[in-house]
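**Student:** Sequence:
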Amino acid sequence: MIKTSGLIIGLAALLSSTPVTAQTSGLKVIDQFKIGGDGGWDYITQDAATGKLYVAHGTSISAFAMKSGQATPHLADAKGAHIALPVNGGADLLITHGKADIVTINDANTGAVKATIKTDTKPDAAIIEPVTGKAFVMANAGGAMDAIDLETQTLSGRVSVGGAAEAAAVDGEGLVFSHLEDKNAFVVVDARTLTLKATHLIKDCEEPSGIAFIPGQRLILSACQNGIARISKADTGEEVATVPVGPRPDAALYDAKAKLGYVPSADGKLTVISFNGVPHVIDVVDTKASARTATLDADTGRIYLPAADLGPVDAKTGRPTILPNSLVVIVVGR
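With the numbering used here applied, the sequence shown has no gaps in its numbers, which climb one by one up to 362 at the end.
Derived by calculation from the structure, the hints in this document are not laboratory data.
The reader is advised that the hints may include incorrect statements.
30 angstroms max Cα-Cα, derived DSSO-like pairs, lysine-lysine [said to hold, decoys possible]:
| # | residue 1 | residue 2 |
| --- | --- | --- |
| 1 | 316 | 285 |
| 2 | 211 | 231 |
| 3 | 127 | 107 |
| 4 | 107 | 316 |
| 5 | 211 | 261 |
| 6 | 285 | 150 |
| 7 | 285 | 62 |
Using the sequences and the hints, build the whole thing.
**Tutor:** In structure tokens form, the structure reads like this:
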């Protein structure tokens, strides 16, 4: 009896120290849509109400209707487009023109310009803050966050943030978050009072780009150019965890239903991060080289990533050239 008991205890100890097989997400590439058109791109957005995807494609805005499968490579003109953000229930698009220091409000069906609004220098990302209903535009070279009143189609205020604002997230309670890519920090702005509440340094994170807010836990997910994602407390900036991701990531997403974060990188890898317990990587999904921006369909859990075929490296930029008419949208799901 004593010998048997010892054997059982020994087996229990062995099992408790044996690593558990890594969890996987079940995600994979399930589809691909051809967009076409030439040149580079930045953000992709999705409008659940109309079932359309929009890609800021340099000198134009491209659209894809998922139900019909119809692509519109040139919906609207743009001057250094960074984002086409669906507004007014999907009837319009707010387009940031980084080379013209303006945003325009365009008809989402025809692309026609309905209003032009002057902003601070180099408007980049934009987001709707739900408490105020305003659009907030990250003026990357202007060191500011500009507030746009969508009803009057005017600039209603600005907040000096002290650095190059890049990407944005909201907490749904009146706060807007943005990275300062030149300061390795994120800022917290009160949308109601248009004041800067805090600036938090994120020392492990170089040139932060994509940002996502994790509700419930009140965390910030930061995509960093030095190949990590940093998870911080949104209210204090305190580091919670860092995890490895691929090179040159340019987006961060959070799926509240699945409690998963996503960071796509330029090498065609989508890193999947679990937020059950201490944040940790559970999967890396192969997508397509250059697929470094993305958007999430919160209802289906599908991730959409623009990508293109790459050519020889450009001697001036040190980056691969983009082959003409090769832009596609990769769909990752289950």
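**Student:** Hint by hint, note whether the structure agrees.
**Tutor:** Checked hints:
1. A hinted pair counts as satisfied when its Cα atoms are at most 30 angstroms apart, and residue 316 with residue 285 qualifies at roughly 26 angstroms.
2. Using a Cα cut-off of 30 angstroms, the hinted pair residue 211 and residue 231 holds, with the two alpha carbons roughly 9 angstroms apart.
3. For the hint pairing residue 127 with residue 107, the CA-to-CA distance comes to about 5 angstroms; that is within 30 angstroms, so the pair holds.
4. With a CA separation close to 27 angstroms, the supplied pair residue 107 and residue 316 stays within the 30 angstroms bound.
5. The straight-line distance between the Cα atoms of residue 211 and residue 261 is roughly 18 angstroms, inside the 30 angstroms bound, and the hint therefore holds.
6. A threshold of 30 angstroms between alpha carbons decides the hint, and for residue 285 with residue 150 the separation of about 35 angstroms lies outside it, so the pair is violated.
7. Our distance criterion of 30 angstroms between C-alpha atoms is met by residue 285 and residue 62, whose separation comes to about 29 angstroms.
Consistency note: the structure conflicts with earlier hint 6 alone.
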